[in-house]
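Student: Chain order of the listed sequences is H, S and A.
At position 246 of the first sequence the residue is numbered 246 (my numbering), and the sequence of numbers has no breaks.
At position 24 of the second sequence the residue is numbered 24 (my numbering), and the sequence of numbers has no breaks.
At position 51 of the third sequence the residue is numbered 51 (my numbering), and the sequence of numbers has no breaks.
Errors might be hidden in some of the hints.
Computed cross-link-like contacts, DSS-like style, restricted to lysine-lysine with a CA-CA straight-line distance of at most 30 Å [said to hold, decoys possible]: (1) H:K122 - H:K104; (2) H:K104 - A:K242; (3) A:K143 - H:K141; (4) H:K119 - H:K30; (5) A:K29 - H:K119; (6) H:K141 - H:K185; (7) A:K143 - H:K89; (8) H:K104 - H:K134; (9) A:K242 - H:K122; (10) H:K90 - H:K38; (11) H:K104 - H:K38; (12) H:K84 - H:K38; (13) A:K143 - H:K84; (14) H:K119 - A:K143; (15) A:K242 - H:K134; (16) A:K143 - H:K104; (17) H:K30 - H:K17; (18) H:K104 - H:K84; (19) H:K141 - A:K242; (20) H:K90 - A:K143; (21) A:K143 - H:K30; (22) H:K119 - H:K84; (23) H:K185 - H:K119; (24) H:K185 - A:K29; (25) H:K134 - H:K89; (26) A:K143 - H:K122; (27) H:K84 - H:K122.
FYI, nobody ran anything at the bench for these hints, they're computed from the structure.
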Amino acid sequence: MNTAAAWTPDQPMVSIKDVHKSFGELEVLKGVSMDIMKGECVCIIGPSGSGKSTLIRCVNALNDIQAGSITVEGQEVNDPNLDKLALRKKVGMVFQQYNLFPHKTALENIMMAPIHVLKQDKTEVEARAHRLIKKVRLSGKESNYPGELSGGQQQRVAIARSLAMNPDVMLFDEVTAALDPETVKEVLVTIRELAEEGMTCILVTHEMGFAREVANHIYFTDRGIIVEHGPPATFFTDASDPRTQEFLSQIL
Amino acid sequence: MSRRQASLQRPTTDLPVLIAPSAGSTGRTAGRDSGCGAPPRLAYWHGFLLLAALLLSAGVAEAQSEPGRAGILETMIKWTPLLFEGFLFNILISFMAMAIGTVAGGFLGIWQISLLPSVRRGSWLVTQFFRNAPWLVLLFFCMFLLPFQIEIFGLVVPLPDWLKATFGLALPVMANVSEIVRGAIQSLPSGQWESAESLAFTRRQTLWMIILPQCVKRMLPPWMNLYAILTMATVLASVVGVSEVMTLTGEVLSAEGGRTDLLVPFYSYILVWFFIYCYPIARWTVYLERRFAVNA
Amino acid sequence: MEQVASWFLWLYQETGINLPIVYDSFDRKRFAEGFLTTVWLSLVCLVFSVVIGIVGAWLQGSRLVWTRRLVQGYIQFFRNTPPLVQMYFFFFALGNLLPTVENEFGFQQPMLGNFAWAAISLSFFAGAFNVEIFRSGIEAVPKATVEAAEALGYNRLQAYLHVVLPLAFRVCLPALNNNLVNLVKTTTLAYAIAVPELLYVSNQVWSDNVNVPEMMTILLFIYVGLVGILVWAMNRWERAMKVPGYGA
Numbered sequence: 001m002n003t004a005a006a007w008t009p010d011q012p013m014v015s016i017k018d019v020h021k022s023f024g025e026l027e028v029l030k031g032v033s034m035d036i037m038k039g040e041c042v043c044i045i046g047p048s049g050s051g052k053s054t055l056i057r058c059v060n061a062l063n064d065i066q067a068g069s070i071t072v073e074g075q076e077v078n079d080p081n082l083d084k085l086a087l088r089k090k091v092g093m094v095f096q097q098y099n100l101f102p103h104k105t106a107l108e109n110i111m112m113a114p115i116h117v118l119k120q121d122k123t124e125v126e127a128r129a130h131r132l133i134k135k136v137r138l139s140g141k142e143s144n145y146p147g148e149l150s151g152g153q154q155q156r157v158a159i160a161r162s163l164a165m166n167p168d169v170m171l172f173d174e175v176t177a178a179l180d181p182e183t184v185k186e187v188l189v190t191i192r193e194l195a196e197e198g199m200t201c202i203l204v205t206h207e208m209g210f211a212r213e214v215a216n217h218i219y220f221t222d223r224g225i226i227v228e229h230g231p232p233a234t235f236f237t238d239a240s241d242p243r244t245q246e247f248l249s250q251i252l
Numbered sequence: 001m002s003r004r005q006a007s008l009q010r011p012t013t014d015l016p017v018l019i020a021p022s023a024g025s026t027g028r029t030a031g032r033d034s035g036c037g038a039p040p041r042l043a044y045w046h047g048f049l050l051l052a053a054l055l056l057s058a059g060v061a062e063a064q065s066e067p068g069r070a071g072i073l074e075t076m077i078k079w080t081p082l083l084f085e086g087f088l089f090n091i092l093i094s095f096m097a098m099a100i101g102t103v104a105g106g107f108l109g110i111w112q113i114s115l116l117p118s119v120r121r122g123s124w125l126v127t128q129f130f131r132n133a134p135w136l137v138l139l140f141f142c143m144f145l146l147p148f149q150i151e152i153f154g155l156v157v158p159l160p161d162w163l164k165a166t167f168g169l170a171l172p173v174m175a176n177v178s179e180i181v182r183g184a185i186q187s188l189p190s191g192q193w194e195s196a197e198s199l200a201f202t203r204r205q206t207l208w209m210i211i212l213p214q215c216v217k218r219m220l221p222p223w224m225n226l227y228a229i230l231t232m233a234t235v236l237a238s239v240v241g242v243s244e245v246m247t248l249t250g251e252v253l254s255a256e257g258g259r260t261d262l263l264v265p266f267y268s269y270i271l272v273w274f275f276i277y278c279y280p281i282a283r284w285t286v287y288l289e290r291r292f293a294v295n296a
Numbered sequence: 001m002e003q004v005a006s007w008f009l010w011l012y013q014e015t016g017i018n019l020p021i022v023y024d025s026f027d028r029k030r031f032a033e034g035f036l037t038t039v040w041l042s043l044v045c046l047v048f049s050v051v052i053g054i055v056g057a058w059l060q061g062s063r064l065v066w067t068r069r070l071v072q073g074y075i076q077f078f079r080n081t082p083p084l085v086q087m088y089f090f091f092f093a094l095g096n097l098l099p100t101v102e103n104e105f106g107f108q109q110p111m112l113g114n115f116a117w118a119a120i121s122l123s124f125f126a127g128a129f130n131v132e133i134f135r136s137g138i139e140a141v142p143k144a145t146v147e148a149a150e151a152l153g154y155n156r157l158q159a160y161l162h163v164v165l166p167l168a169f170r171v172c173l174p175a176l177n178n179n180l181v182n183l184v185k186t187t188t189l190a191y192a193i194a195v196p197e198l199l200y201v202s203n204q205v206w207s208d209n210v211n212v213p214e215m216m217t218i219l220l221f222i223y224v225g226l227v228g229i230l231v232w233a234m235n236r237w238e239r240a241m242k243v244p245g246y247g248a
């Protein structure tokens with residue numbers, strides 16, 4: 001009955017099968033499939049408007065899908081009776097615009113969800129929040145408000161905020177796109193550490209160098225379909241599809 | 001049955017403010033403009049709808065009224081010319097108070113940005129004082145403290161009550177106009193002053209030829225809003241005995257022998273009149289605000 | 001106290017400036033009561049108008065078209081008609097429709113007194129403005145911020161309580177303060193239906209003592225002072241609530 005119980009770590013942690021999604025008349029996903037194993041780091045690249053952000057938003061049920069199936073640890077996301085809380089405990093998400101809560105300090109931003117949503121003990125959460133602040137190298141900024149932090153610092157608080165929920169998968173939606181070039185690196189370092197620690201990560205990104213270094217697998221999407229995919233070693237050198245080649249030649 | 005159906009559906013809240021921000025479904029995002037978030041446009045005809053409802057209620061009340069007494073509708077029609085004259089008097093008072101208040105407030109507002117500290121502070125103080133005082137108290141102030149006649153060069157000019165009331169209403173208008181003018185002038189980028197100065201305009205020339213013409217657009221919506229507030233405030237004059245529409249309504253009601261069944265129709269009648277006069281002004285103000293905001 | 005009173009009596013005899021509200025215990029008492037009535041009326045209306053504002057803003061987002069139209073009609077009607085006529089309507093017209101009740105002396109008396117009607121009509125008047133203020137505040141909260149809360153597992157009610165409302169409230173505060181200042185000034189209208197508030201008792205005092213200029217001046221300064229204190233307190237509150245780096 002409960003599919004979640006049947007899931008074992010040797011099966012894909014996130015499984016996307018033939019997903020279709022449209023906004024009104026506009027079809028943005030036209031049958032996308034991919035499997036992400038536990039501990040894998042997957043990068044999705046492609047021109048803007050190719051549906052890559054929509055795809056990872058669907059994994060978190062921020063957007064619903066019209067057809068196909070998405071499972072996270074065996075739990076079906078495309079289900080009207082979906083337990084969103086259970087899903088979102090497993091899946092953390094970081095946004096392009098950080099979306100911190102501006103009326104709370106950095107530390108409070110990290111502590112809010114575990115206290116309000118998971119109903120965890122405050123002192124325990126606070127200790128964890130301090131560890132996370134340290135992990136994202138923001139010690140000393142605990143009591144600063146988001147408005148007082150740089151974009152890169154805010155984004156690292158946002159990552160720590162997601163990590164505070166102890167997710168199994170992290171989704172990163174163009175997290176460096178809104179940042180100044182000099183602060184991009186500090187955020188990427190944080191994400192790389194996470195990936196190296198074995199966190200399952202799905203990144204939508206334009207940072208090709210980073211994707212090449214960190215990703216286990218790279219997917220190239222264009223106009224709602226996956227055009228090409230492969231491990232970085234072959235993907236960047238042996239791209240066969242002309243669309244991929246054109247995109248890579250523009251960006252690299 | 002219905003409860004079971006409800007429990008089968010996805011858990012949603014009825015808190016409407018939460019519906020719009022939800023990203024759960026796209027249909028909702030797409031339909032936001034026409035859907036839940038946007039307030040419905042209240043059209044002008046709603047005012048007439050109200051009037052129709054009022055007349056209907058009067059008719060119903062009439063059907064129930066005792067025989068031998070004049071019908072409510074009949075009574076209302078009978079007194080309408082008189083009441084309408086009173087209403088026109090309210091409008092006249094509002095025009096005059098607005099004119100006086102605008103001229104006085106215009107100068108007061110310009111003085112608020114004077115280079116002379118004493119003028120600046122003095123006009124600021126006057127503005128704040130009359131802005132923070134209740135309209136009714138200012139009205140009393142003028143009613144009691146202005147003489148009933150004044151002498152100018154040996155000429156005796158009588159000051160009737162309604163004129164005193166007009167002055168009383170003009171005072172808060174003046175203070176509010178003063179703030180509108182000051183706010184508009186200060187909202188202009190300082191580059192306007194600097195470029196005018198570099199072109200050798202004097203301060204006075206800069207103000208009248210460059211700054212103020214640009215301010216008119218910014219001042220118009222709040223100025224109209226103030227006019228609507230003033231119009232609604234003219235009924236305060238009834239409290240101090242000026243025979244405008246509220247006073248006349250009271251007199252009509254007592255002339256009809258204090259019939260209690262007349263109270264609701266008559267007061268609603270007056271409310272609807274004001275609504276029909278003020279609502280278009282409010283709509284127009286909103287329209288201008290939007291237009292200027294886009295062009296600015 | 002005695003000395004102050006006798007000094008004001010001396011002032012009256014010497015200069016003609018008559019302030020019985022200081023030296024006369026009867027006038028002092030009723031003036032003080034009038035002042036407290038004004039403050040109390042302001043506070044009652046303040047609370048109820050805010051409640052009406054919140055409920056109205058909530059109803060305005062309803063899925064039912066007619067609920068939204070009704071709220072919109074309420075707002076527009078109360079904003080575009082004179083508050084004094086509204087008060088007369090409530091007090092004379094609606095007050096008349098309510099049944100009377102027997103009081104402790106066995107007399108018939110209206111169910112709701114003057115004060116209650118003044119409070120009701122002023123609350124509805126100020127509430128109409130508050131609905132709009134709250135709605136615009138809630139709309140000002142970025143959708144993405146709410147989405148972030150959803151992604152963290154907040155349900156709608158939790159997101160509303162912990163994220164939307166605290167932010168919307170900060171956005172509303174300046175407009176809300178403005179409206180509340182207006183409300184305090186508008187309480188003077190209660191004079192018209194004989195609520196013994198500050199203006200009404202002042203009128204009684206100057207009728208009894210023929211000291212209009214003195215009372216008028218005092219009245220003006222008290223109101224300007226009251227509003228000044230409110231403005232000052234609200235500005236301090238606004239500053240205290242301000243989040244660094246958020247909003248203008």
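Student: Decide if the proposed pair is consistent with the structure: K29 (chain A) and K119 (chain H), CA atoms, cutoff 30 Å inclusive.
Tutor: 55 Å, violated
Student: Under the criterion that the straight-line Cα-Cα distance not exceed 30 Å, is the pair K143 (chain A), K141 (chain H) satisfied?
Tutor: Holds. K143 (chain A) to K141 (chain H) sits at ~26 Å (cutoff 30 Å).
Student: What's the verdict on K104 (chain H) and K38 (chain H), does the C-alpha distance respect the 30 Å limit or exceed it?
Tutor: 33 Å, violated
Student: Holds or violated: K141 (chain H) with K242 (chain A), Cα cutoff 30 Å?
Tutor: 19 Å, holds
Student: Holds or violated: K242 (chain A) with K134 (chain H), Cα cutoff 30 Å?
Tutor: Holds, at roughly 27 Å.
Student: Between K185 (chain H) and K29 (chain A), is the straight-line Cα distance small enough, at 30 Å or below?
Tutor: Status violated; Cα separation ~73 Å.
Student: For a C-alpha distance cap of 30 Å, please report whether K143 (chain A) and K89 (chain H) respect it.
Tutor: 21 Å, holds
Student: Given the proposed pairing of K122 (chain H) with K104 (chain H), does the C-alpha separation stay at or below 30 Å?
Tutor: 16 Å, holds
Student: Would you check the hint for K90 (chain H) and K143 (chain A), treating anything up to 30 Å between C-alpha atoms as holding?
Tutor: 23 Å, holds
Student: Is K104 (chain H) close enough to K242 (chain A), meaning Cα to Cα at most 30 Å?
Tutor: 11 Å, holds
Student: Take a quick look at whether K185 (chain H) and K119 (chain H) sit within 30 Å of each other, Cα to Cα.
Tutor: Distance ~34 Å between K185 (chain H) and K119 (chain H) Cα, so the pair is violated.
Student: Given the hint that K84 (chain H) pairs with K38 (chain H), test it: the Cα-Cα distance must not exceed 30 Å.
Tutor: 21 Å, holds
Checked against the numbered hints above, the structure violates hints 4, 5, 11, 23, 24; every other hint is satisfied.
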